[in-house]
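Peer 1: Here's the letter readout for the chains.
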Amino acid sequence: MPWDHPARRTQNSACDASNLALPSIWTFEGLTEPFTVSGDAAPLVLRELATLLPGWRPAPGEHGAGNAVHITFNQTGNAIHLLDSAGQEIGGDFNPSPDPFSAAYRLTAALFEVMAFAQPNGLVLHAGAVMTQNQAIAFAAPSETGKSILGAACALAGKRLLGDDRIIVSSTGDTSTGNRHMAHPLGLAQKIRLPLPDAIVDEFAPLLSLRPGRRIADSLFLDWDEAVQMPPGKAVPLSALVLLHRDGTTPPRMERPSQPQAVRTLLQLSAAPGGPTRHLAAVRALVDHVPVTTLHYASCFEALDAIADLGHTPRRSPHPTPVRMAEGG
Amino acid sequence: MARIIERDPDTSGTEVDGEIFLIKAREEDIHHLDAIASGLWRFLEHPRDEDELEDVMRAAFPDIPQETIDADLTRTLETLIEAGYLRWQPFQGRHD
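Chains as they are written, first to last, in this note's numbering: chain A, 1 to 329; chain B, 1001 to 1096.
No lab work stands behind these hints: they were computed from the structure. Note that the structure is predicted; figures quoted are calculated from it, not measured. Check before you lean on any hint, since a few could be wrong.
As the list claims (entries may be wrong) - Here are the simulated distance ranges between beta carbons:
{"no.": "1", "chain 1": "A", "residue 1": "R278", "chain 2": "B", "residue 2": "D1055", "range": "35 to 41 Å"}
{"no.": "2", "chain 1": "B", "residue 1": "D1055", "chain 2": "A", "residue 2": "A199", "range": "55 to 61 Å"}
{"no.": "3", "chain 1": "A", "residue 1": "N95", "chain 2": "B", "residue 2": "A1071", "range": "41 to 47 Å"}
{"no.": "4", "chain 1": "A", "residue 1": "P237", "chain 2": "B", "residue 2": "E1027", "range": "33 to 39 Å"}
{"no.": "5", "chain 1": "B", "residue 1": "R1042", "chain 2": "A", "residue 2": "S143", "range": "22 to 28 Å"}
Each residue gets a CB set at the ideal place from its N, CA and C atoms; glycine is no exception.
With these hints in hand, go ahead and build the complete structure from the sequences.
Peer 2: Below, the structure written as structure tokens:
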């Protein structure tokens, strides 16, 4: 059944391609070459992509053999095929997607892996990251465990975000700078899962009012805000990595995991194209050169304060909270 | 007659601060071994018979009841064999 069949339309989907004017060629500084999207379902997917990647700026263009990545969608196959300029398949997601939004989501995952592969020790990390003193501190955790709420708390506190769900990290191999690892913002929309917990509804209301965005199912994708969100394309030195555990601990407690524990956790929280050997090597390089800390906490504002302490910047949250530091495995 | 156990030749191990991560060729999984299993993996740099393994484990943990060690060793070996990282050979004589 095609995606735009009336029987498939859901309340919040954009399954009407009749008046879409999005270009089918997107350029992005993080990719070495533009990528093209084609197929009769391409406009539907591109519309959803605009919600997921509001930080990207699509440029109109022509299809050409020189484009490095070419993606095809059709309404019956719904497959993502990534082809290089010679027409060779370099990857993709070949399972049919139930709707254009799911296809767009899978497309972002596939594109991020292409981008990570182009970077030395490149990893797609399930993490957000916040700027402190011109460097980034990443906060990593599994899905639906608090990254987005913490990202929203950072935005409320006036901090700049590289993202709240995924970033790319890579190494420079340049020890002279003192920073071997970099964090790459990806231009993803900030996403908040609804309904918000009662304890923070009032405090988050201003953010939702200023950036109402678009709701899809139980997720709210906030409008892009250049003042808060760093645009994609410029990497920032990564100074620390925090593994989040929202387990009710208050006041928050930090501990340093063992190297094997950190590697094991980050293997589960990352993706790296090129096979498991490359994946393990990239995670080891990250753990060897970036301080990793586990943070046990109860509220997002306590976590924000703890991360601010790591970056040695003044607290700006409305709930400053002392943090206990412990050595532990 | 004791059986010989050896590493799967298509499996590579990477050590991180004393613990081993295993990768099997042409597969996507990365398997983490805890401290005890890592020690076992290192001991199996060359094929060993199962009696040697029991002796080494008992000597390494003299305060733990023998039955407990034997049970842990059996469980660890079964897990790693089932995953394809280790395999049994028929007894062919001692390897050093």
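Peer 1: Now, for every hint given, state plainly whether the structure supports it.
Peer 2: So, going through the hints one by one against the coordinates:
no. : hint                          : in the structure
1   : A/R278 to B/D1055: 35 to 41 Å : holds (39 Å)
2   : B/D1055 to A/A199: 55 to 61 Å : holds (58 Å)
3   : A/N95 to B/A1071: 41 to 47 Å  : holds (42 Å)
4   : A/P237 to B/E1027: 33 to 39 Å : holds (35 Å)
5   : B/R1042 to A/S143: 22 to 28 Å : violated (36 Å)
The structure does not agree with numbered hint 5 stated previously, though it agrees with all others.
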